[in-house]
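Please take these sequences and the hints and turn them into a complete structure.
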Amino acid sequence: MSAPAPSMYSPAAKATAEKLGLKMGRANLEAFADTVLSLARADRNVLVVTSDSRGSGKLGPFGQSLPKQIVEVGIAEQNLVGVAAGLASCGKTVFAVSPACFLTARAFEQIKNDVAYSDNPVVLVGISAGVSYGALGTTHHSLHDFAALRAVNNIEIIAPADNAETVAAVRYAAAARCPVYLRFGKSPLYDLPASPAPITQAHVLRDGREVAFLATGETVIHALLAAAHLEESAGLKCRVVSLASVKPLDVAAVLAAARECLAVVTAEEHMVNGGLGEAVGTLLARHGVTARFDLAGIPDEYTVTGSQADIFRHYGLTMEGLAATATALLR
Amino acid sequence: MLSLPQLAQKSLLYRKEVLRRVRQAGAGHTGGSLSCVDILNVLYNRILRITPASRLDPARDRYIQSKGHSVEALFVVLADRGFFAATELDALGQYRSHFVGHPTRQVPGVEQNTGALGHGLPLAVGTAIAGKLDDASYRVFTLLGDGELAEGSNWEGALAGAHYKLDNLTVIIDCNTLQISGRTRDVMNHEPLAEKWSAFGWAVRNVNGHDFNELISALEQPLEPGRPSVVIARTVKGKGVSFMEDVGRWHHGVPSDDEYARAFAELDAALAELEGGAA
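Those sequence lines, one after another, are chains A and B.
Each residue of the first sequence is one higher than the last, beginning at 13 in my numbering.
Each residue of the second sequence is one higher than the last, beginning at 82 in my numbering.
If you're looking for bench data, these hints aren't it; they were derived computationally from the structure.
Hints are supplied without guarantee of correctness; some may be wrong.
To be verified - Simulated crosslink set (SDA-like; lysine to any residue; CA at most 25 angstroms straight-line): (1) A:K80 / B:D142; (2) A:K26 / B:L214; (3) B:K213 / A:P79; (4) A:K80 / B:L214; (5) A:K80 / B:A243; (6) B:K213 / A:L148; (7) A:K80 / B:D215; (8) B:K213 / A:P311; (9) B:K213 / A:K249; (10) B:K246 / A:E84; (11) B:K277 / A:I87; (12) A:K80 / B:P303; (13) B:K246 / A:R189; (14) B:K246 / A:I82; (15) B:K246 / A:S77; (16) B:K213 / A:K26; (17) B:K213 / A:Q76; (18) B:K246 / A:S199; (19) B:K213 / A:P73; (20) B:K213 / A:G75; (21) B:K213 / A:G103; (22) B:K213 / A:R56; (23) A:K35 / B:K213; (24) A:K80 / B:D248; (25) B:K213 / A:G86; (26) B:K213 / A:D131; (27) B:K213 / A:R189; (28) B:K246 / A:P79; (29) A:K80 / B:P306; (30) B:K91 / A:K249; (31) B:K277 / A:Q76; (32) A:K26 / A:S199; (33) B:K246 / A:D64; (34) B:K213 / A:L342; (35) A:K80 / B:K277; (36) B:K213 / A:G72; (37) B:K213 / A:S199; (38) A:K249 / A:L342; (39) B:K246 / A:K249.
Printed below as a string of structure tokens:
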């Protein structure tokens with residue numbers, strides 16, 4: 013694992029980011045690890061539970077600083093979630109940290125029953141989510157987690173788009189009275205323009221009336237670059253909305269985007285079945301809002317092999333791909 | 082705290098109430114409720130430091146029923162202990178009732194929503210770790226079925242219980258040897274059970290799960306410092322009703338009018354015999 017990961021950004025995308033004045037931040041994973049450590053230093057009831065995931069969760073410093081506040085269960089995700097729920101039932105603020113692929117599939121029944129149904133407010137942290145593991149293949153991808161957890165009552169789903177959203181999401185989840193699933197990757201991300209809105213609400217990063225990009229998680233930056241690119245290359249003014257909270261959705265922001273713009277494109281690092289795009293499409297249909305509409309995500313097929321960057325490019329989740337989807341809708 | 086004769090009488094009354102509630106609801110896991118009711122009787126009337134008033138006290142003992150399908154036994158015992166009025170059980174299985182066919186925390190005294198098997202032990206491990214972190218003196222108990230032991234998550238929890246030296250944790254196995262499709266040894270053999278748990282690092286005690294003395298002795302203290310305890314309770318499915326005892330079809334089943342009358346006659350005769358013996 014010594015070769016640097018292929019860049020998620022084409023030279024043109026990097027140039028666009030530079031024109032927007034965006035600075036490259038860190039991986040959300042690192043912002044998470046720092047935030048949870050500072051929360052735990054301030055409160056000994058804040059615990060991290062890991063399933064041999066302290067290295068991949070960047071929790072080495074946490075374990076060294078606060079060894080009594082980290083509970084290791086070994087490679088046993090079902091036990092991870094059950095133990096976390098038991099700890100939460102005793103008043104602990106618990107972050108259960110494991111790769112999203114294993115956490116939300118192997119331990120799905122524990123999430124459904126022990127966390128959500130029993131109302132034990134665990135913070136489930138799905139690291140290396142989506143196709144972060146790239147060439148490691150489908151066993152390590154989590155393209156089902158939004159869909160699976162959207163079908164579970166009493167759990168919120170948050171996919172932060174940058175480091176600031178991650179910090180806000182971790183702090184929000186720690187204080188939340190209900191279970192929360194946080195989901196992010198491990199690639200460095202550009203810092204986005206700051207938003208005063210709480211993490212549970214939409215962050216409108218750029219306004220416009222042509223195409224609204226409704227994106228979540230680590231596709232948001234690519235949507236922002238696509239909007240800037242479309243304005244520069246075609247004079248189109250597009251709106252970019254970060255919907256970190258996939259569940260519950262910011263209904264007002266979604267409806268406003270569809271009512272005020274000519275077209276809507278959703279973007280997510282998830283299979284198009286059951287994810288953000290279907291949630292948005294259903295919401296619009298139920299409110300009688302018609303808009304030209306397309307979903308960007310991973311289709312229902314054997315996922316193409318390659319790095320995370322390759323997979324994003326292949327399925328049109330990069331600046332160029334999202335701009336092309338938007339342009340096609342306006343034809 | 083109930084004496085041994087009082088416990089014996091209480092179990093007979095619990096058995097009658099379990100049958101009455103199953104019949105009234107028109108559904109229920111009769112056999113498994115009857116196999117574990119003596120265990121629940123001993124827990125709630127002799128062992129657990131929990132009352133309706135302390136049910137949310139952080140210092141309370143915890144009981145998590147992993148074999149959630151034996152909910153009728155749990156509800157009957159909780160009602161008897163005053164966690165809610167027994168008349169509330171009239172709503173068992175009814176529209177909008179929180180008395181559903183598996184335990185839920187909507188019912189006072191229920192610690193966790195169980196019913197899917199293999200969940201109680203990991204929950205109990207987390208609860209016991211919290212107790213250790215807080216230097217709390219509470220104990221954590223969980224009741225597993227023997228058929229349930231085929232769920233792999235139990236063995237993940239068993240590893241963790243020993244790894245963290247959770248001597249505040251006790252697993253009780255209601256070893257009634259029957260599950261829905263037959264003898265547990267034929268469906269998926271888990272014997273030798275004591276050796277397995279011992280190899281996992283647990284302190285093990287085999288008891289007759291219908292012998293109050295043996296149950297009390299195994300449960301009143303952790304078996305060994307520095308290790309979690311497992312009490313393997315050898316039980317009889319359908320215990321207390323002759324034609325239900327050790328008969329697979331009573332895994333779930335509602336007695337007919339005739340069966341109900343015969344069961345009550347047997348249990349009433351046993352009660353009369355107890356009273357006669359006491360007189």
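### Message
Are any of the numbered hints broken by this structure? If so, which, sorted upward?
### Response
Hints 2, 6, 8, 9, 13, 16, 18, 23, 30, 31, 34, 35, 37, 39 not satisfied by this model.
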